[in-house]
Amino acid sequence: MGKTNKIWDGLVRFGAILLFLICVMDSAHAQSDKKYIRKGNRQYSKNDFEQSETSYRKAEEKDKHVPEATFNTGDALYKQKKYEDAGKKFADYANQTADKHNESAAWYNLGNTLLQAGKAGESIEAYKNSLKLNPDNMEAKYNLGYAQNLLQEQQQQQQQQNKDQDKNDQKKDKEQQQENKEKQDQQQDQQQASEGELSKEDAKRLLDALANDEREIQEKVKREKAAQTRTRVLKNW
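Going by our numbering, the letters in the sequence shown line up with residues 46 to 282, in that order.
Simulated from the structure, these hints should not be mistaken for lab results.
Do not take every clue at face value.
Said to hold, decoys possible - Using C-beta positions, here's what the derived DEER-type ranges look like: (1) Lys265 with Gln236: 37 to 45 angstroms; (2) Gln236 with Glu264: 16 to 24 angstroms; (3) Glu129 with Gln210: 23 to 31 angstroms.
Only a predicted model underlies this, so the values are computations on that prediction, with no experimental measurement involved.
Each residue gets a CB set at the ideal place from its N, CA and C atoms; glycine is no exception.
Sequences are here, hints too, so could you generate the full structure?
Right, dumping it as structure tokens:
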């Protein structure tokens, strides 16, 4: 029994040591994450957004479940105008965090990112999601109204552009129809002119016929003159 107790005591001590080591390792791991986050924050405060992004990504690599690093990476990307990548980070953070206030902030930032990327319609949905979680977010309310007005203006501009394009298309169609008509008229004129032209053989036959007609007329005139002359020389008996 004594020996068994000693073995059990040894296992307990080993378990306690192992648990202690795990806690120390986790603590060191967390400290490493925090170290990169703090470093990134210092760089971010100096407007060194590219380097701060690198630091935040290192914190993410250390632990994929560090929402703070993901959110801060999105901020750093946003400052570099990498809106598509920033939007992905804010969306990831919204799915990671369990805090409604933080999730609302993520949706709000995502809305800003989409608005900067020229996606007013999508930003409206992001602002609405933010306000569902935090109805008191006045900035989200303001940006929501701004995005809605912007989307309406864009739609009106698009409608006007479509109308202008339709007018231009109709004008081009009319011009093309007129051009086609002129070409057809020109082709018809050329065809008629071509049909009205005489071949050399036809022209020769026509000239010969006219010459024959002229000779016949002259012969007829001579005969008539001769008949008149004979009539004048006759005497009455």
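Q) Do Gln236 and Glu264 keep their Cβ atoms within the hinted range of 16 to 24 angstroms? A) violated, 42 angstroms
Q: For Lys265 and Gln236, compare the CB-CB distance with the range 37 to 45 angstroms and indicate the outcome.
A: holds, 41 angstroms
**Q.** Cβ distance range 23 to 31 angstroms for Glu129 and Gln210, holds or violated
**A.** At roughly 29 angstroms between Cβ atoms, Gln210 and Glu129 fall inside 23 to 31 angstroms, so the hint holds.
In summary, the one numbered hint that this structure violates is 2.
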